[in-house]
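Enquirer: Quick mapping for you: the protein sequence lines, in order, are chains A and B. The opening position of the first sequence corresponds to residue 911 in my numbering, with each subsequent residue numbered one higher. The opening position of the second sequence corresponds to residue 911 in my numbering, with each subsequent residue numbered one higher.
Heads up, some of the hints might be wrong.
Stated by the list, open to error - Result set (PhoX-like, lysine-lysine): computed pairs, CA atoms no more than 25 Å apart in a straight line:
#1 B:1015 - B:968
#2 B:1073 - B:1113
#3 A:1073 - B:1113
#4 A:1043 - A:1015
#5 A:1113 - B:1073
#6 B:968 - B:944
#7 A:1113 - B:944
#8 A:1042 - A:979
#9 B:1124 - B:1109
#10 B:1109 - A:1113
#11 A:1073 - B:944
#12 A:1109 - A:1230
#13 A:1113 - A:1124
#14 B:1073 - B:1109
#15 B:1113 - A:1109
#16 A:1042 - A:1015
#17 B:1073 - B:1042
#18 B:1073 - A:1109
#19 A:979 - A:944
#20 B:1042 - A:1073
#21 A:1042 - A:1124
These are computed hints drawn from the structure, not numbers from a lab.
2 protein chains.
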Amino acid sequence: MRKKGKEKAKQIETVIRIAVDAMGGDWAPREVVKGAVEAAHEINAEIVLVGQQEIIEKELIHYNLDGIKLTIHQAEDTINMDDDPVRAIRRKPDSSIVVGMNLVKSGAATAFVSGGSTGAVTAAALLILGRKKHIERPALAITFESTNGPVLFLDVGANADCKPEHLVQFAQMGNVYMQKIFNIAEPRIGLLSNGEEAKKGHKLARSAYPLLEKTGLNFIGNIEGHGFLKGSADVVVTDGFTGNVVIKLCEGFGEVFADIIGQSSNGNTIRTKAKGRVLNHTPGALLLGVNGNVVKTHGSSDSTAINQTIHVAERMIKQKVLETIGT
Amino acid sequence: MRKKGKEKAKQIETVIRIAVDAMGGDWAPREVVKGAVEAAHEINAEIVLVGQQEIIEKELIHYNLDGIKLTIHQAEDTINMDDDPVRAIRRKPDSSIVVGMNLVKSGAATAFVSGGSTGAVTAAALLILGRKKHIERPALAITFESTNGPVLFLDVGANADCKPEHLVQFAQMGNVYMQKIFNIAEPRIGLLSNGEEAKKGHKLARSAYPLLEKTGLNFIGNIEGHGFLKGSADVVVTDGFTGNVVIKLCEGFGEVFADIIGQSSNGNTIRTKAKGRVLNHTPGALLLGVNGNVVKTHGSSDSTAINQTIHVAERMIKQKVLETIGT
Chain A
911 MRKKGKEKAK QIETVIRIAV DAMGGDWAPR EVVKGAVEAA HEINAEIVLV GQQEIIEKEL
971 IHYNLDGIKL TIHQAEDTIN MDDDPVRAIR RKPDSSIVVG MNLVKSGAAT AFVSGGSTGA
1031 VTAAALLILG RKKHIERPAL AITFESTNGP VLFLDVGANA DCKPEHLVQF AQMGNVYMQK
1091 IFNIAEPRIG LLSNGEEAKK GHKLARSAYP LLEKTGLNFI GNIEGHGFLK GSADVVVTDG
1151 FTGNVVIKLC EGFGEVFADI IGQSSNGNTI RTKAKGRVLN HTPGALLLGV NGNVVKTHGS
1211 SDSTAINQTI HVAERMIKQK VLETIGT
Chain B
911 MRKKGKEKAK QIETVIRIAV DAMGGDWAPR EVVKGAVEAA HEINAEIVLV GQQEIIEKEL
971 IHYNLDGIKL TIHQAEDTIN MDDDPVRAIR RKPDSSIVVG MNLVKSGAAT AFVSGGSTGA
1031 VTAAALLILG RKKHIERPAL AITFESTNGP VLFLDVGANA DCKPEHLVQF AQMGNVYMQK
1091 IFNIAEPRIG LLSNGEEAKK GHKLARSAYP LLEKTGLNFI GNIEGHGFLK GSADVVVTDG
1151 FTGNVVIKLC EGFGEVFADI IGQSSNGNTI RTKAKGRVLN HTPGALLLGV NGNVVKTHGS
1211 SDSTAINQTI HVAERMIKQK VLETIGT
């Protein structure tokens, strides 16, 4: 009897349930629902669409749901981009972001994916899931393929204004991440700046530099734009304002480049080559430093981006990123 | 007699003399001298190489100097990247940057081009040439070709830390520049940020937003990375830290693209297409807001970049940018 119970427990544990904010983003719910259905066909996980049941059901009739695990979890309210994040979390307990985050908190979901307001997702994660020990601010992190291998880049938008200590904590989280997920013994940590010399940078970067030197991490100093793209560091830290500007610029370049190569006869070859390189990163950014798996995707995400982000959430769970970063 | 005097005066006035910091940059003096000689063959101006005469002369023996106007102006000292900018300006009066700037101040040169320390060039310009009225901080500005036409982007590195008022002044300078140089009646002014909403941004951007709204300029709000590259605004303002990170990232992208494109069979076609578009900007950045023509180029500039920057200086003179921006 006991053994049977254990086996059952083990089985329950391995069920992955990804809650998806069906109301978050510019193209919600249509593109979110479409992307979620696609993901449900591709990965071995249950997708829980969080939002207004009636609206979601109307979207679902367009798709083949045979053989997939997909449910709806009612959330009456929606947090808008104009809402003040912290206030909205408190005033809209029935919003898809708050409800989704609570599903993670209670264990009913293993991860939460949202294309809603970055501020609201971050605030909800902080208030509902809480921070990891020694982490004052969670950071949004993306991995991109440089010409020299994967690079973890953070913060890409959770904290527009940072203190030097926050950048140090981002470096520490990034260090563990690259050690555990990519098996790099001593990840090279770089600080994004406007020059290689220690004296270069705005006040924040100049103040963070000596703190990073004292961490015992493999801090290699300032990294400029070229070095960033070429993978001169394994982890690149910056404040969420600069990180977000950079990431959106990278996406803009991807679009411009696709446009240019689209006009050429062998565009496909180059596009394929480019794809495996630096031009695309997966759209989902991991929220590192909170007690739960949270993946944020762009407000402008289409179904493909939503699908990819759900895959990112699945990897985050399978790679045990949450258990890896702090306690 | 009088008429003759006038004609003579007119003739003197039209002589363009561009002082070039022969000692500034990673590849100085070799690449600087080479680029300066090339430029002297291409434009109708006298080039004054500022630096250690003996060293410059040794470089010059490699080139054909027939029919070009090229002289040397002795400057014994050099300001290094490690030097504290303001202190170096005061302690090294015989440095190429100080000597070159003084040539502009005295009228002996019409413009000064340097690939030396950005901080030192900016500080020397402020101390020696002085600021334009109502401009607290000069800004480094570049023009790049977006898919939607030219965009003026500033500050790309003169001020790593800015106050909101500085961004407003950058916008005002950019506005006049695009009106006068590109004949745009009401240039669209954008503020680089991490979201389109007015509330988005770090403290600096959020504080600058309402000030920009009050200017009477055609302020169109926040611009993100995509909008930046696509030319959603004619002028994009940001602090010198973010601007410099962005510009170096753009250059990094150019290199990565060139690498990818180089592997394709019709690379040349695409490279040509790309060149007229967004991937390349001219390397010279105009220092706007000081009483003299100053153009800063990268420390990493090769002879081609130096040559292009001298061309930028020539255009700056011919377009009367100095007379256009403030008083």
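Enquirer: Hint by hint, note whether the structure agrees.
Expert: These are the hints, each one checked on the structure:
With a C-alpha separation of about 29 Å, the suggested pairing of residue 1015 of chain B with residue 968 of chain B is violated against the 25 Å cut-off. Restraint check: the Cα-Cα separation between residue 1073 of chain B and residue 1113 of chain B comes to about 10 Å, which is no more than 25 Å; the hinted pair holds. Of the pairs offered as hints, the one joining residue 1073 of chain A and residue 1113 of chain B holds, with about 12 Å between alpha carbons and a cut-off of 25 Å not exceeded. Taken as a hint, the residue 1043 of chain A and residue 1015 of chain A pair is honoured in the structure, with Cα atoms around 17 Å apart against an allowance of 25 Å.
Straight-line distance between C-alpha atoms of residue 1113 of chain A and residue 1073 of chain B comes to about 12 Å, which keeps the hinted pair within the 25 Å bound. With a CA separation close to 12 Å, the supplied pair residue 968 of chain B and residue 944 of chain B stays within the 25 Å bound. Under the criterion of a C-alpha separation no larger than 25 Å, the hint pairing residue 1113 of chain A with residue 944 of chain B is inconsistent with the structure, at around 37 Å. Using a Cα cut-off of 25 Å, the hinted pair residue 1042 of chain A and residue 979 of chain A is violated, with the two alpha carbons roughly 31 Å apart.
At most 25 Å may separate the alpha-carbon atoms for a hinted pair to count; residue 1124 of chain B and residue 1109 of chain B meet this at roughly 16 Å. In summary, the hint linking residue 1109 of chain B to residue 1113 of chain A is supported, as the alpha carbons are separated by about 23 Å, within the 25 Å threshold. Only pairs whose Cα atoms come within 25 Å are accepted, and residue 1073 of chain A paired with residue 944 of chain B is rejected, the gap being roughly 45 Å. For a cut-off of 25 Å, the pair hint linking residue 1109 of chain A to residue 1230 of chain A is broken: about 38 Å separates their Cα positions.
Distance hint between residue 1113 of chain A and residue 1124 of chain A is fulfilled; the C-alpha atoms sit about 18 Å from each other, no more than 25 Å. Annotation: proposed proximity of residue 1073 of chain B to residue 1109 of chain B holds, straight-line Cα distance about 17 Å (limit 25 Å). Only pairs whose Cα atoms come within 25 Å are accepted, and residue 1113 of chain B paired with residue 1109 of chain A is accepted, the gap being roughly 23 Å. Proximity of residue 1042 of chain A to residue 1015 of chain A is assessed by CA-CA distance (about 14 Å); at most 25 Å being required, the pair is judged to hold.
The straight-line distance between the Cα atoms of residue 1073 of chain B and residue 1042 of chain B is roughly 18 Å, inside the 25 Å bound, and the hint therefore holds. This hinted pair checks out: residue 1073 of chain B and residue 1109 of chain A have alpha carbons roughly 20 Å apart, not beyond 25 Å. A C-alpha spacing of about 14 Å is found between residue 979 of chain A and residue 944 of chain A, which places the hinted pair at or below 25 Å, so the restraint holds. Between residue 1042 of chain B and residue 1073 of chain A, the direct Cα distance comes to roughly 34 Å. Violation of the 25 Å bound is thereby established for this hinted pair.
Restraint check: the Cα-Cα separation between residue 1042 of chain A and residue 1124 of chain A comes to about 22 Å, which is no more than 25 Å; the hinted pair holds.
Consistency note: the structure conflicts with the earlier hints numbered 1, 7, 8, 11, 12 and 20.
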